[in-house]
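**Student:** Sequence:
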Amino acid sequence: MATQNKGPRGRLGRVPAVVYADLEKRAHDAGASSVSQYVSDLLCLHTGHNDLVRELNKQEVLPISA
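Numbering of the sequence shown is given in this note's numbering, commencing with residue 186 and proceeding in unit increments.
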């Protein structure tokens with residue numbers, strides 16, 4: 186089964202292993218299809234692009250304090 190095109194994408198750097206391990210657990214707990222999609226959704230929410238969030242339920246994500 187083909188997946189839907191996600192549109193133009195950029196690349197991000199690598200994160201420390203301990204951070205990636207935390208992201209893996211959080212992505213799994215949130216029901217995300219991958220760590221990459223989970224991080225993408227978090228970044229979309231953080232930058233105010235809620236319309237680009239694909240998987241995360243916006244109510245499940247804690248707000249980022251200033």
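What the hints contain is simulated information worked out from the structure, not anything from laboratory work.
Note that beta-carbon positions come from the ideal geometry of N, C-alpha and C, so glycine has one too.
There may be inaccurate statements among the hints.
[Unchecked claim] Distance condition first, Cα-Cα at most 25 Å in a straight line; then the derived SDA-like pairs of lysine to any residue:
id, residue 1, residue 2
1, K210, L228
2, K210, L237
3, K191, D236
4, K191, S225
5, K191, V203
6, K191, V238
7, K191, C229
8, K191, S221
9, K191, A215
10, K191, L241
[Stated by the list, open to error] Listed next, with one range per pair, are the computed distances between beta-carbon atoms:
id, residue 1, residue 2, range
11, G192, H231, 25 to 31 Å
12, P193, E240, 17 to 23 Å
13, K191, H231, 27 to 33 Å
**Student:** Evaluate each hint against the coordinates.
**Tutor:** Hints, verified against the model:
With a CA separation close to 17 Å, the supplied pair K210 and L228 stays within the 25 Å bound. The suggested pairing of K210 with L237 holds, with an alpha-carbon distance near 22 Å, which does not exceed 25 Å. This hinted pair checks out: K191 and D236 have alpha carbons roughly 13 Å apart, not beyond 25 Å. This hinted pair checks out: K191 and S225 have alpha carbons roughly 11 Å apart, not beyond 25 Å.
Distance restraint check for K191 and V203: the Cα-Cα separation of roughly 28 Å exceeds the 25 Å cut-off, and the hinted pair is therefore not satisfied. For the hint pairing K191 with V238, the CA-to-CA distance comes to about 11 Å; that is within 25 Å, so the pair holds. About 13 Å separates the Cα atoms of K191 and C229, which keeps this hinted pair within 25 Å; it holds. For the given pair, K191 sits about 12 Å from S221 by alpha-carbon distance, which is consistent with the 25 Å threshold.
This hinted pair checks out: K191 and A215 have alpha carbons roughly 20 Å apart, not beyond 25 Å. Taking the CA atoms of K191 and L241, the gap is about 15 Å. The hint holds against a cut of 25 Å. In this structure, G192 and H231 break the distance hint of 25 to 31 Å, their C-beta atoms being roughly 19 Å apart. Taking 17 to 23 Å as the suggested C-beta distance range, the pair P193 and E240 conforms, at roughly 19 Å.
A hinted range of 27 to 33 Å is violated for the C-beta pair K191 and H231, which are about 18 Å apart.
Hint compliance for this structure: hints 5, 11 and 13 are not met, and every other hint is.
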